[in-house]
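K.L.:
In case you want the letters, here they are:
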Amino acid sequence: MIQHRETFLENVAKQLGRPGRTSGVKRPVYQKSPQHNVMKDHSKDELLAILKDQCLAIHTDFKQTTHDGIEKAIDEVLEEYKASSVITWNDPRFDAYGLSDFQKRENVDVWDAGKESRSIELAERADVGITFSDYTLAESGTVVLLSNKGKGRAVSLLPTYYIAIIPKSTLVPRMTQATDAIHKMVEAEGARLPSCINFITGPSNSADIELNLVVGVHGPIRACYIVVEDR
Amino acid sequence: MPMKIGDPSFDTRVEKGLKDTFMRQAVTSAQERLKLAKGKAEEELGNWEEWRSLSEEIRAHTLENIDYYLHQLSENVSKNGGHVFFAQTAEDANAYIKEVAQKKNAKKVIKSKSMVTEEISMNEALESVGCEVIESDLGEYILQIDDHDPPSHIVAPALHKNKEQIRDTFIEKKGYTKSSNPQELTLFARELLRKEFLEADIGVTGCNFAVAESGSISLVTNEGNARLATTLPKTQITVMGMERVVPTWEELDILVSMLCRSAVGQKLTSYVTGLTGAREEGDVDGPEEFHLVIVDNGRSKILGTEFQAALHCIRCAACINVCPVYRHVGGHSYGSIYPGPIGAVLTPLLEGYDDHKELPYASTLCAACTDACPVKIPLHEMLVKHRRNIAEEKRTTLSETFAMKGFGLVASSPALFNMSTRTAPFMLSPFTKDGSIKNGPGPMKGWTDIRDFPESKKERFRDWYKHRESKKGGGSK
Ligand code: SF4
Numbered sequence: 001m002i003q004h005r006e007t008f009l010e011n012v013a014k015q016l017g018r019p020g021r022t023s024g025v026k027r028p029v030y031q032k033s034p035q036h037n038v039m040k041d042h043s044k045d046e047l048l049a050i051l052k053d054q055c056l057a058i059h060t061d062f063k064q065t066t067h068d069g070i071e072k073a074i075d076e077v078l079e080e081y082k083a084s085s086v087i088t089w090n091d092p093r094f095d096a097y098g099l100s101d102f103q104k105r106e107n108v109d110v111w112d113a114g115k116e117s118r119s120i121e122l123a124e125r126a127d128v129g130i131t132f133s134d135y136t137l138a139e140s141g142t143v144v145l146l147s148n149k150g151k152g153r154a155v156s157l158l159p160t161y162y163i164a165i166i167p168k169s170t171l172v173p174r175m176t177q178a179t180d181a182i183h184k185m186v187e188a189e190g191a192r193l194p195s196c197i198n199f200i201t202g203p204s205n206s207a208d209i210e211l212n213l214v215v216g217v218h219g220p221i222r223a224c225y226i227v228v229e230d231r
Numbered sequence: 001m002p003m004k005i006g007d008p009s010f011d012t013r014v015e016k017g018l019k020d021t022f023m024r025q026a027v028t029s030a031q032e033r034l035k036l037a038k039g040k041a042e043e044e045l046g047n048w049e050e051w052r053s054l055s056e057e058i059r060a061h062t063l064e065n066i067d068y069y070l071h072q073l074s075e076n077v078s079k080n081g082g083h084v085f086f087a088q089t090a091e092d093a094n095a096y097i098k099e100v101a102q103k104k105n106a107k108k109v110i111k112s113k114s115m116v117t118e119e120i121s122m123n124e125a126l127e128s129v130g131c132e133v134i135e136s137d138l139g140e141y142i143l144q145i146d147d148h149d150p151p152s153h154i155v156a157p158a159l160h161k162n163k164e165q166i167r168d169t170f171i172e173k174k175g176y177t178k179s180s181n182p183q184e185l186t187l188f189a190r191e192l193l194r195k196e197f198l199e200a201d202i203g204v205t206g207c208n209f210a211v212a213e214s215g216s217i218s219l220v221t222n223e224g225n226a227r228l229a230t231t232l233p234k235t236q237i238t239v240m241g242m243e244r245v246v247p248t249w250e251e252l253d254i255l256v257s258m259l260c261r262s263a264v265g266q267k268l269t270s271y272v273t274g275l276t277g278a279r280e281e282g283d284v285d286g287p288e289e290f291h292l293v294i295v296d297n298g299r300s301k302i303l304g305t306e307f308q309a310a311l312h313c314i315r316c317a318a319c320i321n322v323c324p325v326y327r328h329v330g331g332h333s334y335g336s337i338y339p340g341p342i343g344a345v346l347t348p349l350l351e352g353y354d355d356h357k358e359l360p361y362a363s364t365l366c367a368a369c370t371d372a373c374p375v376k377i378p379l380h381e382m383l384v385k386h387r388r389n390i391a392e393e394k395r396t397t398l399s400e401t402f403a404m405k406g407f408g409l410v411a412s413s414p415a416l417f418n419m420s421t422r423t424a425p426f427m428l429s430p431f432t433k434d435g436s437i438k439n440g441p442g443p444m445k446g447w448t449d450i451r452d453f454p455e456s457k458k459e460r461f462r463d464w465y466k467h468r469e470s471k472k473g474g475g476s477k
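Protein chains in written order, with the UniProt record's numbering: chain A, 1 to 231; chain B, 1 to 477.
Only chain A is shown next, with the shape it has when bound in the complex (with noise of 0.2 Å):
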């Protein structure tokens, strides 16, 4: 439902002093476009170099690992976190990257479409959410997050700690490929687009206390990129 539009609208062209627009205005041609001269011509591994240089600045751990060295490099996350209970995303990649053993063990959750109280309470007790990075920005080393019904939003938020994997193939040089990806899908005759996309760039932290930088407020307080060749 739209409410009141009409005369809102109709006041702000009048104001302009010109007839109201609902239709037909195109975006200019912008002078200027430096966004996409920003590591244009980096490889994937100059990038992930970036990246791990960026997550000193963004109080972030960071870990690399092959396809199959995934599972203990997480075991290692655990261990170091002291964190036993653990909630992931209910996504294909899990299962892509031989993770499907990891979910079933005792101690790990899944995400469950079905159950809203009881995904929720169980986000909010664990200490560990892991879930896959969807696009991956090396500048500001930002992790995107595409949510559906198996990628819950609390999953990344609720949990004391948050892991992300990223899967090598996901960099990308900054928000401008992330943000263009996103547009594109708009383009895309008939689609909506997923309901939350989070660009998350390490753990919650305030500055609201005498500019004192405090890492972990409403979000987690710790997090670790792991990045995995792909196969």
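Since the hints were made in silico from the structure, they are not lab data. Heads up, some of the hints might be wrong.
Label pairs and their in silico Cβ distance ranges [claimed, not checked]: (1) B:Lys35 with A:Arg27: 50 to 56 Å; (2) B:Glu172 with A:Thr66: 30 to 36 Å; (3) A:Asp230 with B:Glu164: 50 to 56 Å; (4) B:Thr21 with A:Thr66: 57 to 63 Å; (5) B:Gln183 with A:Glu121: 23 to 29 Å; (6) B:Glu288 with A:Gln31: 42 to 48 Å; (7) A:Glu121 with B:Glu91: 39 to 45 Å; (8) B:Asp20 with A:Leu56: 33 to 39 Å; (9) B:Glu288 with A:Thr7: 28 to 34 Å; (10) A:Arg27 with B:Glu288: 30 to 36 Å; (11) B:Glu172 with A:Asn37: 50 to 56 Å.
Note that the coordinates shown come from a computational prediction; the quantities given were computed from them, not determined experimentally. Positions of the beta carbon are idealized from the N, C-alpha and C atoms, including for glycine.
Please build the complex by placing chain B with the ligand on the supplied structure of chain A, with the hints as guidance.
P.N.:
The following block gives chain B with the ligand in isolation, referenced to the frame of chain A:
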């Protein structure tokens, strides 16, 4: 809290600000650190000026076609099952929000940081229908439990408080028992607020940018509270100033990048969240109902005027962080929830000159704000335009106005020496426009005097203020 904060006069507020040593030190060091971080973030990009030009172009195009983009935005929100309410005034917006709360039988509302809900006094409106409203941004929460102390900075609202004061507030109001260590204080607030999030019926958020092409809203935060407010409660209400729209995700990229770098010197903040409609079929978290309230509340009056570019503002506070006047008097002196240069420009536009006629004079016109602004709003030129308008409104007291304010300021502000040539004509125009001023011996003498004025960068506003006070004391008012 309405836009105007506090009752004392401008002079009393300034007086108080100048005397508050902790506050002034805190502001000074905050400004230094934020400026440094922004400088670094600019450098890293390499071609900052190109990014600024692009940002300006985006904002100008969007505002020129704002009815088109708001129309498109509302179509797309509605297509995705959301509700859109266009609110001409603060009262309209509050009436709608109250109606939603009552329909949902809401008892508890959790809020993430939002300037526009402050501007329209939404909390009070919701409280009047029996809702408890809880601020979840750490800084806002601190202010709220401290008997609604007003914010003093648009990015770091509790900047004027030190950690001991915060500890004492927590002890007194919430039974806190630990130290003034920020880590411990934050952990305590995290635990208290987590409970509130889980119990809240409605989450209210502001909106950094809304994307017209997809009907999405975006939230830029570090703490994660905006994510919680849009993940747990069953109903989400997002309130946005009508100017806060961008055409597509491509423009969102640019403006979010500029906002993060300019506000806190980060490449991106911890969370940039793009939300489209309510939850989808099959989702088990996220709101079941989504309401977008688009607020005018005086903004449309600015369209089509010489101040239109003020609506380009992306609320990064970079202008505040470089302002020498803000440094000396602090955020409360402005008497508005929008302090600093952008506040001095915007507040009189939204609320009229009557209550805020001093604000355009709370500036040395050094142009640092204009240079800092990521979307190139000519802030100091707008302040001069305000002064001219105020002077024209009050022709009878014109000479007094300039002798007391404008000219007192000019005469004692060596910063004017640093003014680039492009700003000089703007400075002079109000004086040269009016014959009586141009030929008046007092003010012109002041202007020529400053050529030999001793350089004292740090003290310039205080000097100006003292100078103005002593003139007042001399019986000219
Ligand atoms: S006026 Fe410019 S610098 Fe100031 S808050 Fe707005 S965008 Fe930032």
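K.L.:
Each hint: holds or not?
P.N.:
Checked hints:
Between Lys35 of chain B and Arg27 of chain A, the C-beta spacing of about 33 Å breaks the proposed range 50 to 56 Å. Look at Glu172 of chain B against Thr66 of chain A: about 55 Å separates their beta carbons, and that is not inside 30 to 36 Å. Taken as a hint, the range 50 to 56 Å holds for the pair Asp230 of chain A and Glu164 of chain B, whose Cβ atoms sit roughly 52 Å apart. Checked against the hint of 57 to 63 Å, the C-beta distance between Thr21 of chain B and Thr66 of chain A comes to roughly 58 Å, which is consistent with it.
Range check, Gln183 of chain B to Glu121 of chain A: Cβ separation about 27 Å, and the 23 to 29 Å hint holds. Separated by about 44 Å at the C-beta atoms, Glu288 of chain B and Gln31 of chain A satisfy the suggested range of 42 to 48 Å. Remark: the range hint 39 to 45 Å for Glu121 of chain A to Glu91 of chain B is upheld by a beta-carbon distance near 40 Å. Taking the beta carbon of each, Asp20 of chain B and Leu56 of chain A are about 37 Å apart, inside 33 to 39 Å as hinted.
Restraint check, Glu288 of chain B to Thr7 of chain A: a C-beta distance of roughly 29 Å satisfies the suggested window 28 to 34 Å. Restraint check, Arg27 of chain A to Glu288 of chain B: a C-beta distance of roughly 34 Å satisfies the suggested window 30 to 36 Å. For the hinted restraint 50 to 56 Å between Glu172 of chain B and Asn37 of chain A, the CB-CB distance of approximately 54 Å keeps it satisfied.
Hints 1 and 2 from the earlier list are contradicted by this structure; the remaining hints agree with it.
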